[in-house]
Amino acid sequence: MTQRSAIGVAGAGAWGMALANAAAAAGRDVILWGRDPVRTRLFAATRLSDRLPGVRLASTVTATSDIDELAPSAAILVAVPAQATRDAAVRLAALPGSSPLVTCAKGIERGTHAFMTEVLTEAAPGRPAAILSGPSFASDVAAGLPTAVTLASSDEGLARSLCRLLHGPNLRLYHSIDVRGVEIGGAAKNVLAIACGVAAGRGLGASAVASLIARGFAELRRFGEAFGARGPTLMGLSGLGDLVLTCSSAQSRNYAFGLALGKGRSVREAREGPLAEGAFTALALMEMARTRGVDMPISNCVERLVEGSLDVAGAIEALLGRPQKGEE
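Going letter by letter, the sequence shown gives residues 1 to 328 in the numbering used here.
One thing to keep in mind: the hints can contain errors.
Said to hold, decoys possible - With beta-carbon atoms standing in for the labels, derived distance ranges: (1) 140 <-> 269: 38 to 44 Å; (2) 146 <-> 314: 29 to 35 Å; (3) 87 <-> 210: 36 to 42 Å; (4) 71 <-> 122: 20 to 26 Å; (5) 268 <-> 62: 34 to 40 Å; (6) 46 <-> 84: 21 to 27 Å; (7) 214 <-> 160: 29 to 35 Å; (8) 143 <-> 210: 27 to 33 Å; (9) 93 <-> 50: 17 to 23 Å.
Stated by the list, open to error - No more than 20 Å apart at the CA atoms, straight line, and that leaves these computed lysine to any residue pairs for SDA-like: (10) 325 <-> 210; (11) 263 <-> 325; (12) 325 <-> 215.
Keep in mind the hints are simulated off the structure, nothing from the lab.
Using N, Cα and C, we set each Cβ at its ideal position, and we do this for glycine too.
Let's have the full structure, built from the sequences with the hints guiding it.
Have a look at this one:
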């Protein structure tokens, strides 16, 4: 990989734009693909997007609606929502070459219970798969604010080379081979952030939110251990770090979704805002937890809130009314 190795970014939403700017700051030429031709042409002309107001697309980023232009990329960052990752991977698999695909989504595929790198491997079997995750708001990354994330692959050499490729002046990357741990941290924290948003919207106070973060991490850890994640990964950037960020700021789409529920809006009304991955992940997460006998009371309440079988008052009562037990 040469100093000017090109990076492809599939997905021209807020996260795609942020990653494109970060890769440009790392000295790379970037091809940013968006599926909507009209929107992408406007983006290319103005260098501005309503997804990230006030942030300008870097000069070394080429925006296109022609997916074939991603073909020569040294690596392709797949910056689409979790539930759209399979479709994107199928389209990328048809391109010539074998450059690695790096999923940047945080979720679990509904129906299949597949983690994001599993989706990539199934849909694009000829390409190595990796995942990038950690405490990172798109607006911060796009604006060049200091951020640290984890990039994981089962191939340590690939993880290291991808970190070198993307590492920039304000984006620090740590490599890992614990792919499952990184995936679980990113998926579970979105569900838990909804619970914290509900508590804040209900006016339950900072103490309640802190308690949910702590007990939520206990759930995340139990789930991670049941599915083979490593403890240090869950305690790191893509686990605890991302959980704290997502559960404590209205910049988080999942927290904002929960905040709306806590203030009395219906699930349908709350869904009218920006996409909250946790609302889709909650069902898959709990279905998987039940298969391994993992106790996740907070995530279970979120699942039932999203499905409409429990209201906010009922969720609070269910959590506070649980039997007394020792802290794990």
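Status of each hint after checking the structure:
no. : hint                    : in the structure
1   : 140 <-> 269: 38 to 44 Å : violated (28 Å)
2   : 146 <-> 314: 29 to 35 Å : violated (41 Å)
3   : 87 <-> 210: 36 to 42 Å  : holds (39 Å)
4   : 71 <-> 122: 20 to 26 Å  : holds (21 Å)
5   : 268 <-> 62: 34 to 40 Å  : holds (38 Å)
6   : 46 <-> 84: 21 to 27 Å   : holds (25 Å)
7   : 214 <-> 160: 29 to 35 Å : holds (34 Å)
8   : 143 <-> 210: 27 to 33 Å : holds (28 Å)
9   : 93 <-> 50: 17 to 23 Å   : violated (31 Å)
10  : 325 <-> 210             : holds (19 Å)
11  : 263 <-> 325             : violated (30 Å)
12  : 325 <-> 215             : holds (13 Å)
Hints 1, 2, 9, 11 from the list above are not met by this structure, while the remaining hints are.
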